[in-house]
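Asker: Using the hints provided, position chain B relative to the given structure of chain A.
As they're listed, the protein sequences go chains A and B.
Under our numbering, the first sequence has 41 at position 41, and the numbering climbs by one with no breaks.
Under our numbering, the second sequence has 85 at position 85, and the numbering climbs by one with no breaks.
These are computed hints drawn from the structure, not numbers from a lab.
Cβ atoms here follow ideal geometry from the backbone N, Cα and C, with glycine treated the same way.
There could be a bad hint or two in this list.
Stated by the list, open to error - Now the stretches of chain B that chain A is said to cover, found in silico as 3 or more residues with beta-carbon under 8 Å:
1. 1 to 8
2. 20 to 30
3. 33 to 43
4. 56 to 67
5. 75 to 82
Next come the chains, spelled out residue by residue.
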Amino acid sequence: MIEVVIDWIIAILMLSSGLFTLLAAVGILRLPDLLTRMHASTKAGALGVALMMTAAMLHFNDLVVMAKALAVIMFIFITAPIAAHAIGRAGYFVGVPIWVKTVKDELFNRYEPDTHRLRSGLETPEELAALKPSKDKPRIRVSSKK
Amino acid sequence: MQIVYLLTFGLLSIAFVLIFIRLILGPTLPDRVVALELLATVAVAMTGMYAIFVDRSSFIDVAIVAALTAFLGAIGFARFLERGGPRDD
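So that you can see chain A by itself, here it is in the shape it has in the complex:
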């Protein structure tokens, strides 16, 4: 009886893992720019791996395998946001085009691209004079197509 229930739970976990992974893939294919694509891939992909590893834990029912699978889950959950942050930051500096309908870019005109210095908007005039004048042209190229 209990084996049947566990089999059902494993089946549900595996299928939902596959569905979430497929959702991440569809998101990375269909969404319009880099940041939205990352938003789809990191969260749905990490959840897919976590569900699959939970299914493996239940399937093997062994303490060592449970520890290993838990390690994979912890590792994915810690590293996925770090990697996404690093790639997003690099993409912003490189000047990847963002979507036309993007509402807000708070770093626009506040970042010195060469020194990587962020202005808060609350500097005194002396501090502003010490900094280089910000460029007028937008650093982020806005993509022309929708």
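Answerer: Relative to the frame of chain A, chain B by itself:
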């Protein structure tokens, strides 16, 4: 149970194909890096799936190594883009 295994493998394979399309299309280099990272994540999920399928728990170790390598690769690509990469793709 067999049909569930095959169905999950099918879903993961479709995900692989879709990510590959983005990897080939990807207009800029960061898009491709994101696609590669998701590809590695799907590979980790598929390794876990395979471990369940053949009923051998050793494949979980392979999943750990794959996740580690994917993270290192993503960080390396990000550093490369930010510090010394070509500014335009």
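Asker: Mind listing which of the numbered hints don't hold for this structure, in increasing order?
Answerer: none
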